[in-house]
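The opening position of the sequence shown corresponds to residue 1 in full-length UniProt numbering, with each subsequent residue numbered one higher.
Hints listed in this document are in silico derivations from the structure and should not be mistaken for laboratory results.
Any given hint could turn out to be false.
To be verified - Quick list of in silico lysine to any residue cross-link-like pairs, SDA-like style, CA-CA up to 20 Å:
| no. | residue 1 | residue 2 |
| --- | --- | --- |
| 1 | Lys152 | Tyr129 |
| 2 | Lys4 | Pro15 |
| 3 | Lys4 | Pro40 |
| 4 | Lys128 | Val85 |
| 5 | Lys152 | Gln52 |
| 6 | Lys152 | Thr49 |
| 7 | Lys128 | Leu154 |
| 8 | Lys4 | Gly53 |
| 9 | Lys152 | Pro133 |
| 10 | Lys4 | Asp33 |
| 11 | Lys152 | Thr116 |
| 12 | Lys4 | Val17 |
| 13 | Lys152 | Val142 |
| 14 | Lys128 | Asp22 |
| 15 | Lys128 | Gln101 |
| 16 | Lys4 | Val37 |
| 17 | Lys128 | Gly113 |
| 18 | Lys4 | Ile32 |
| 19 | Lys152 | Ala166 |
| 20 | Lys128 | His34 |
| 21 | Lys4 | Ser14 |
| 22 | Lys4 | Gly157 |
| 23 | Lys128 | Glu143 |
| 24 | Lys152 | Asp50 |
| 25 | Lys4 | Ile26 |
| 26 | Lys4 | Tyr16 |
| 27 | Lys4 | Ala42 |
| 28 | Lys4 | Val36 |
| 29 | Lys152 | Arg54 |
| 30 | Lys4 | Asp22 |
| 31 | Lys128 | His175 |
| 32 | Lys152 | Trp68 |
| 33 | Lys152 | Lys128 |
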Amino acid sequence: MEWKSYGRRRVYDSPYVEVWLDDVDIPGVGRIDHHVVTMPRASTTSVVTDDQGRFLLLYRHRFITGRWGWEVPAGWAEPGEDPAVAIAREVEEETGWRPGQVVPLVEYDALAGISTMRFRCFHVTGCKYVGEPTDRSEASRVEWLTEREVVKLLAAGDVPDGPSLAALSYYLGPHRLLGGAVSDVR
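Please model the complete structure; the sequences and the hints are all you need to start from.
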């Protein structure tokens with residue numbers, strides 16, 4: 001069943017998020033105002049690995065959820081910026097490691113029922129250490145972890161960030177099972 005839209009009105013906007021009310025007709029329910037959250041900038045994530053099979057992760061606190069956890073490097077692309085260039089910039093700013101190669105891994109809709117937020121995830125390799133992270137607000141620690149350590153963190157719930165959980169799980173699952181093939185990204 002497909003919903004029919006009769007228009008939308010903006011409720012709130014900022015450089016980071018926009019909230020809309022869409023006037024929609026839902027088959028079997030009727031017309032309602034449905035909240036839609038949009039992001040003015042493209043979201044990017046990365047799975048960063050080295051030639052020893054380790055993963056580069058950030059340990060940080062998220063004040064909104066009040067939780068500490070491990071995350072992959074991530075961030076927004078500036079308007080008009082290529083998402084691959086954006087994630088290379090974010091990896092270096094957040095970790096102090098300059099990417100060598102950045103290739104598409106997978107794309108997905110993060111909150112398809114309420115948001116247009118779409119994440120583009122990249123696999124980053126060939127990193128060279130260039131110094132301390134320039135964005136010191138991103139993490140308490142930046143560490144290279146073994147695959148076994150990452151799998152244990154995932155299983156223990158110590159990767160509570162959805163985009164990080166999706167990126168790492170996709171890399172360790174379908175990406176590996178397909179022999180490292182890139183997903184059919186749109």
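Okay, the hints, checked on the actual structure:
{"no.": "1", "hint": "Lys152 / Tyr129", "verdict": "violated, 26 Å"}
{"no.": "2", "hint": "Lys4 / Pro15", "verdict": "violated, 29 Å"}
{"no.": "3", "hint": "Lys4 / Pro40", "verdict": "violated, 24 Å"}
{"no.": "4", "hint": "Lys128 / Val85", "verdict": "holds, 16 Å"}
{"no.": "5", "hint": "Lys152 / Gln52", "verdict": "holds, 18 Å"}
{"no.": "6", "hint": "Lys152 / Thr49", "verdict": "holds, 17 Å"}
{"no.": "7", "hint": "Lys128 / Leu154", "verdict": "violated, 26 Å"}
{"no.": "8", "hint": "Lys4 / Gly53", "verdict": "violated, 48 Å"}
{"no.": "9", "hint": "Lys152 / Pro133", "verdict": "violated, 26 Å"}
{"no.": "10", "hint": "Lys4 / Asp33", "verdict": "holds, 12 Å"}
{"no.": "11", "hint": "Lys152 / Thr116", "verdict": "violated, 31 Å"}
{"no.": "12", "hint": "Lys4 / Val17", "verdict": "violated, 24 Å"}
{"no.": "13", "hint": "Lys152 / Val142", "verdict": "holds, 17 Å"}
{"no.": "14", "hint": "Lys128 / Asp22", "verdict": "violated, 47 Å"}
{"no.": "15", "hint": "Lys128 / Gln101", "verdict": "holds, 11 Å"}
{"no.": "16", "hint": "Lys4 / Val37", "verdict": "holds, 18 Å"}
{"no.": "17", "hint": "Lys128 / Gly113", "verdict": "violated, 39 Å"}
{"no.": "18", "hint": "Lys4 / Ile32", "verdict": "holds, 11 Å"}
{"no.": "19", "hint": "Lys152 / Ala166", "verdict": "holds, 15 Å"}
{"no.": "20", "hint": "Lys128 / His34", "verdict": "violated, 46 Å"}
{"no.": "21", "hint": "Lys4 / Ser14", "verdict": "violated, 27 Å"}
{"no.": "22", "hint": "Lys4 / Gly157", "verdict": "violated, 38 Å"}
{"no.": "23", "hint": "Lys128 / Glu143", "verdict": "holds, 14 Å"}
{"no.": "24", "hint": "Lys152 / Asp50", "verdict": "holds, 19 Å"}
{"no.": "25", "hint": "Lys4 / Ile26", "verdict": "holds, 7 Å"}
{"no.": "26", "hint": "Lys4 / Tyr16", "verdict": "violated, 27 Å"}
{"no.": "27", "hint": "Lys4 / Ala42", "verdict": "violated, 26 Å"}
{"no.": "28", "hint": "Lys4 / Val36", "verdict": "holds, 14 Å"}
{"no.": "29", "hint": "Lys152 / Arg54", "verdict": "holds, 14 Å"}
{"no.": "30", "hint": "Lys4 / Asp22", "verdict": "holds, 10 Å"}
{"no.": "31", "hint": "Lys128 / His175", "verdict": "violated, 24 Å"}
{"no.": "32", "hint": "Lys152 / Trp68", "verdict": "holds, 16 Å"}
{"no.": "33", "hint": "Lys152 / Lys128", "verdict": "violated, 26 Å"}
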